[in-house]
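Q: Residue 198 is where the sequence shown starts when you use the working numbering, and the numbers rise one by one after that.
It should be emphasised that the hints constitute simulated quantities derived from the structure, not laboratory data.
Keep in mind the model is a prediction, meaning the values are calculated, not measured.
Using N, Cα and C, we set each Cβ at its ideal position, and we do this for glycine too.
Do not rely on the hints blindly, as some may be mistaken.
As the list claims (entries may be wrong) - The calculated label-pair distances, taken between Cβ atoms and stated as ranges, are:
#: 1; residue 1: A225; residue 2: F305; range: 21 to 27 Å
#: 2; residue 1: P329; residue 2: G373; range: 17 to 23 Å
#: 3; residue 1: P328; residue 2: G233; range: 27 to 33 Å
What the hints assert, rightly or not - When the alpha-carbon atoms are kept at most 25 Å apart in a straight line, the in silico DSS-like pairs for lysine-lysine are as follows:
#: 4; residue 1: K301; residue 2: K401
#: 5; residue 1: K288; residue 2: K401
#: 6; residue 1: K301; residue 2: K288
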Amino acid sequence: MFLLAQQARRAEGPERQRLAADLNQLLAELTAEGGGRPEADAFHRLLEGGNLNGLVDADGRSCRATAVESLLALGFPYALEVRPEDLEHLKNAAVPGTRLQPPKGGPFPALAVGLGALAVQVVLGLAGLVPPGGLLILQGLLSLLSLALLTVASVGTPLYRGALALLTVVSGLGLGMVLVPDIPAGWVAGLGGLVAAFLAALRKS
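Make a model of the complete structure from these sequences and hints.
A: Structure below.
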């Protein structure tokens with residue numbers, strides 16, 4: 198993967214697109230075979246430092262978007278490690294005429310990711326790695342409320358859109374706590390909530 202990415206970045210024109218297509222195919226094959234920590238670390242290294250920036254195949258498919266999809270496909274807990282900016286790139290990098298496919302299972306993929314992230318956040322608190330605080334408790338309660346509404350509400354209704362917006366805002370603020378001194382950081386629940394919100398936004402029914 199790294200060799201292909203380096204070759205593609207040095208190439209130009211059709212050769213660059215051909216190498217980008219080979220890289221996208223390799224990423225898809227690795228995802229189809231499943232994987233764990235070694236594959237997740239490899240995808241992270243590809244995404245870090247802008248190694249895939251500007252690499253697009255002849256069909257307009259971004260290598261960066263394919264790498265993000267591959268990381269998400271590994272499931273919990275690796276999907277929680279996707280950076281918000283990479284998720285945003287994936288959302289905006291769909292090829293014209295195509296759309297990201299919603300995850301199978303209706304509301305349950307988003308619910309599983311969101312609850313999993315909250316569980317990890319609780320474990321960190323019990324282990325003393327993240328001191329408990331009122332803001333963390335409020336973040337957890339609002340996240341739970343949002344996930345519950347996203348599970349029972351019909352897609353596209355005002356209630357669903359409101360719950361999706363609430364989860365996105367609460368998760369973003371939780372992730373931003375890392376930057377504020379002396380405030381317990383709910384970054385795990387925040388990152389997981391953003392991933393859950395992204396999965397919920399893809400739902401069609």
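Q: Each hint: holds or not?
A: Hint check:
| no. | hint | in the structure |
| --- | --- | --- |
| 1 | A225 / F305: 21 to 27 Å | 24 Å, holds |
| 2 | P329 / G373: 17 to 23 Å | 18 Å, holds |
| 3 | P328 / G233: 27 to 33 Å | 31 Å, holds |
| 4 | K301 / K401 | 10 Å, holds |
| 5 | K288 / K401 | 15 Å, holds |
| 6 | K301 / K288 | 17 Å, holds |
In summary, the structure agrees with every hint in the numbered list given earlier.
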